[in-house]
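**Student:** Chains as they are written, first to last, in the working numbering: chain A, 1 to 601; chain B, 602 to 778.
Keep in mind that the hints were calculated from the coordinates and are not lab data.
Just so you know, not all the hints are guaranteed correct.
[To be verified] Not everything, but these chain A residues come out facing chain B in the computed CB check (under 8 angstroms): (1) Leu13; (2) Asn28; (3) Leu29; (4) His32; (5) Arg48; (6) Val51; (7) Met70; (8) Leu74; (9) Asn77; (10) Asp78; (11) Ser162; (12) Arg183; (13) Asp184.
Cβ coordinates follow ideal geometry from the N, Cα and C atoms, glycine included.
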Amino acid sequence: MAILPKLLIIDDLFGRNVPDGRNSDRENLCAHFLWRDATGDTAAKGSRQEVLKPVAEAVFCRAQFPLESMPGSLVENDIHGALRILRSGWSGEMRGGAPPWAMVLLDLCFYTGEVTDASHRRTPGMPEGRPEDDDPKHYFGLTLLDAIHREFPELPVVILSSKPREEVSLEFSQRGAVGFIARDDLRGPELLEEALFRHGLLPDASGEAIGNSLPVLLALREARRAARHGQNVLIRGERGTGKELLARYLNRTVSRSSRRPFVPVNSAILTPPMFASELFGIERKTATDVDAKVGLVETADGGDLFFDEIADMPAEVQAAVLRVLQERQITRVGGRESIPVDVRFISATNVDIELEERGFRADLLDRLCLGGSVWLPPLRERKSDIPLLVESFVRDAEKRGAGTMHREITADALDRLCGYDWPGNVRELQSCIHDAVNRHPDVEHLVPAHLRFGSDKRQFAERNISGASNTVPPRADLGCVLEALGRCNFAASDIGEWAGHLDHLQLEHTRLLARYLQAALDATKRRTPAAPQGQIQIHPAVKLITGDPTLTASRAADVVKRLLGPLVDELDGDLVEAYETALRLRPKSPRKSEALAGARR
Amino acid sequence: MSIADNPLQRWERDRAALSHDVLKNQLLPLIFKLSNVLARKVEDEGFVESFAESFSKQMCSVRSQIEKLCANVEDSLSPRCFFHTDPLAAADPRTMSWLPNLVHDLWVRASGLEPRTAAVKETHAKFERVASVVLLSLKMRSGLSLSRVHELRGSVAALASEVSSMREVLPYQLPGK
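Input sequences plus hints: build the corresponding full structure.
**Tutor:** Encoded structure:
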C-alpha cells in the first residue's frame with residue numbers, strides 16, 4: 001500500500017478541538033482537498049465522513065491554547081506548542097522510521113482573546129478576535145513562518161489562507177514560504193498537488209527507491225524538479241548508492257499516465273569498434289545478409305537513455321553522443337537516412353568527472369547536465385534508512401531462496417548494521433543481507449553472528465582504543481583520535497593515576513603534531529621532472545595544518561622550529577629536512593629576533 | 602474610541618467577518634464538500650440531506666449581513682465622523698450647519714459608493730438564484746442520472762464562483778480612505 005504524504009496544517013479554525021467531537025469546518029476542508037484526518041483528537045475521531053481515496057494524511061494543529069475552548073475561555077497563540085508538534089514529526093528519533101512532514105500548510109490570521117457567547121454561537125470555540133490579529137503586519141502566521149524556517153529550513157511551507165495574497169506576497173517569500181493557496185480557490189487541490197510535487201518531501205510511492213531519511217527525500221525532490229523540465233540530468237553519488245534506481249524514478253516521474261521507454265547502458269562496454277552499432281543500430285543489407293538492428297538510442301526514443309558510469313565512456317563514443325545531443329538525430333550503421341529521435345539522456349557517475357585528468361569532454365558534460373545534477377547521499381549519511389532497507393533485502397532474499405524461512409531481524413543485528421560505515425553503500429548492504437540469508441536459510445532470527453562485512457574493514461561506530469594491546473593497532477584516522485581525546489576525563493579523584501605525567505603527555509602531544517606535520521609535508525610536496533619524489537615545502541604545509549592562508553613563510557618556519565625542536569633527536573626523513581630548512585630561514589629564536597628588531601628600532 | 606464606538610471599524614470588522622469567516626471559511630468549504638460527495642469521492646451518510654437545511658440557514662445569515670453592510674456603508678464610512686472630534690468639532694455652529702453635509706456629499710460622489718453597492722446587491726441576488734436552483738435539484742435527487750449529478754456539480758461550482766465574485770465586488774480598500 002502506498003504511503004500517503006503527511007501534511008501538517010496549522011490553523012486556528014481547523015486545528016481547534018470541539019467539545020461535541022465534530023469540527024465540521026475541518027471535515028469540509030478535508031472533503032475538499034481529499035485528506036484523511038490523522039490528527040487523533042476527538043474532532044478527528046468524532047468525524048463520520050470517509051474520504052474514499054485520500055491524497056494525503058492531514059494532522060491539524062491549532063497553535064493556540066487551550067486546544068478546546070468554551071465561552072469564557074481566553075485563547076492565546078502558542079508558538080512553542082506548534083514547534084513541539086513540528087519536531088515530533090520531523091526528528092528521526094521521534095518519528096521512528098516513518099517519513100517526516102511532507103509539507104506544512106500555514107494560516108495567516110489567528111484570532112485570539114475571549115470566547116464570548118456570540119462568537120461561540122457563530123463558530124464553536126472561536127474567540128472574538130483582537131484588532132491586531134487582523135493586521136497584516138502582525139499576522140501570527142508570519143511569526144510562525146519565521147520560526148519554522150529558522151529551525152526547519154528544509155521543510156516546505158505553503159500559506160493556506162483566505163486573506164488576500166497581495167497583502168503578504170513579499171513577506172511570505174522573504175520568510176521562506178514556497179507558495180500561497182487561497183482557501184477559496186476552486187483549483188486548490190490541483191495547486192496543492194503541484195506544490196507537493198515540486199516542493200514536498202515525498203518518499204518514492206512505488207517503493208523501489210527505499211528511504212524516508214531527509215537526505216534521500218531531498219534527492220527525490222531534486223529528481224522530480226529535474227524531471228519536470230525534461231532536460232538531460234546528471235546523477236552523482238558514490239558507488240552502490242542507487243543511481244540507476246534514481247534514474248528509473250526520474251523516468252517514472254515524468255509521465256504518470258503512460259510508460260516511457262527506459263534504456264540503461266553501461267558506458268564502459270561501448271568500446272570504439274562496437275559502439276556505433278550498439279548505439280545507432282544497423283541498417284538491413286539484403287546483399288550481405290545483414291539483419292537490421294535497432295540501436296539503443298532509437299529504442300529509447302520518446303523516453304530516457306541512462307548512461308551509467310559515464311566517466312568511463314571512451315573519447316570516440318563521447319564525440320558521437322555529442323553529435324546526437326546537438327542534432328537530435330541518428331543514422332544507423334550502413335544507413336543513409338537520418339532518423340530524428342527525442343531522447344532524454346540521464347547519466348551517472350561516482351567520480352569528479354570535471355577534472356581534466358578524467359579526459360571527459362567539457363562540451364558534452366555541459367549538455368548532459370543541462371537539467372542539473374542530482375546528488376545521492378552515501379548510506380553513512382542516511383543510516384536511519386538502514387532498518388527499512390534491511391527489511392526489504394531480507395524479504396527479497398527469502399523470496400529468492402526456495403524453502404528459506406521467514407526471519408525477524410534482531411535489535412543487535414540492526415545495531416551492528418547501523419554501526420558499520422558501508423563504503424560500498426546500499427549495494428554492499430544488500431550483498432551482506434543476501435549473504436546472511438543464503439548462508440542461514442533455516443533460522444527465524446537474523447543475528448549479528450550471521451553478518452559478514454568487508455574483509456579488512458571493521459569500522460564500527462564504537463571502538464576500543466587501548467594502549468595496552470599487544471597487537472598492532474589499526475590505522476587510526478583523525479576521527480578516532482579526536483574521539484579518544486574527547487573521552488579523556490581528568491577527574492580529581494584520579495589524581496594518583498595522572499600526577500607526574502605532564503612531560504610525557506606533552507611529548508606524546510608533540511609527537512602527534514609532528515605526525516600531523518609529516519602528513520601535511522607529504523600532501524604539499526612539489527613534484528617536478530627534476531625531483532619526481534617531490535620537494536617538501538614548509539610554508540604550504542604549515543598553512544594547511546593551521547588553516548591560516550595569511551601565514552607568512554617566516555612564521556611558518558617558527559612554527560616548525562617550535563614543534564620539532566623538542567623531538568630533534570628522534571626526527572627522520574622529511575621532518576629532518578623540514579627542521580633544517582626552518583633553521584636556515586630563521587636561525588635565531590622568534591623571541592630573540594623580535595627583541596633584536598625592537599632594539600634596532 | 603473603542604471598536605464598538607467607531608462605526609468605520611465596526612463596518613470593516615463586519616465586512617471582513619462576512620468575507621473571511623462566513624463566505625470563505627464556512628460556505629465555500631461546505632459547497633466543495635457537496636461537490637465531492639456527489640462525485641462519490643467522499644462518503645458521509647446524511648450529509649446531502651442535512652446540506653439543504655444548513656445551507657438555507659447560511660443563506661439567510663448571508664442575506665441579512667449583506668443588507669446590513671449595504672445599509673450602513675454610507676454612514677459608517679462617511680468623513681462626516683471627523684467633525685465629531687477635535688479639532689473640527691470646535692468649528693462655529695454656523696459652519697457646522699452646512700460643512701459636514703457638503704463634505705459627505707462630495708465624498709459620496711467621488712467614491713463611487715452607489716454603483717459599488719448596487720453591484721454587491723446584484724451579485725448577491727444572482728447567488729440566491731443559483732443557490733435556489735441547487736437546493737431544488739437536491740430535493741429531486743431521487744430521479745438523478747449521472748448527467749444530472751454532473752449538472753449539479755456544475756451548478757455548485759457556479760455557486761462557489763458567485764460567492765468568490767461577491768467577495769471581489771465588496772470594497773476591500775475602503776473608498777476615499
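**Student:** A separate judgement is required for each hint: does it hold in the structure or not?
**Tutor:** So, going through the hints one by one against the coordinates:
1. Leu13: holds (6 angstroms)
2. Asn28: Hint on asparagine 28 of chain A: holds, closest Cβ of chain B at ~4 angstroms, below 8 angstroms.
3. Leu29: It holds, given that the least Cβ distance between leucine 29 of chain A and chain B is near 5 angstroms, below 8 angstroms.
4. His32: At about 4 angstroms, which falls below the 8 angstroms cut-off, the nearest Cβ of chain B leaves the hint on histidine 32 of chain A intact, so it holds.
5. Arg48: With a minimum Cβ separation of about 6 angstroms from chain B (threshold 8 angstroms), the hint on arginine 48 of chain A holds.
6. Val51: holds (5 angstroms)
7. Met70: violated (19 angstroms)
8. Leu74: At about 18 angstroms, which exceeds the 8 angstroms cut-off, the nearest Cβ of chain B leaves the hint on leucine 74 of chain A violated.
9. Asn77: violated (18 angstroms)
10. Asp78: Violated, because the Cβ-Cβ distance from aspartate 78 of chain A to chain B comes to roughly 21 angstroms (cut-off 8 angstroms).
11. Ser162: holds (4 angstroms)
12. Arg183: Result: holds, 6 angstroms to nearest chain B Cβ.
13. Asp184: holds (5 angstroms)
Violation of the numbered hints given earlier is confined to hints 7, 8, 9, 10; the remaining hints are satisfied by the structure.
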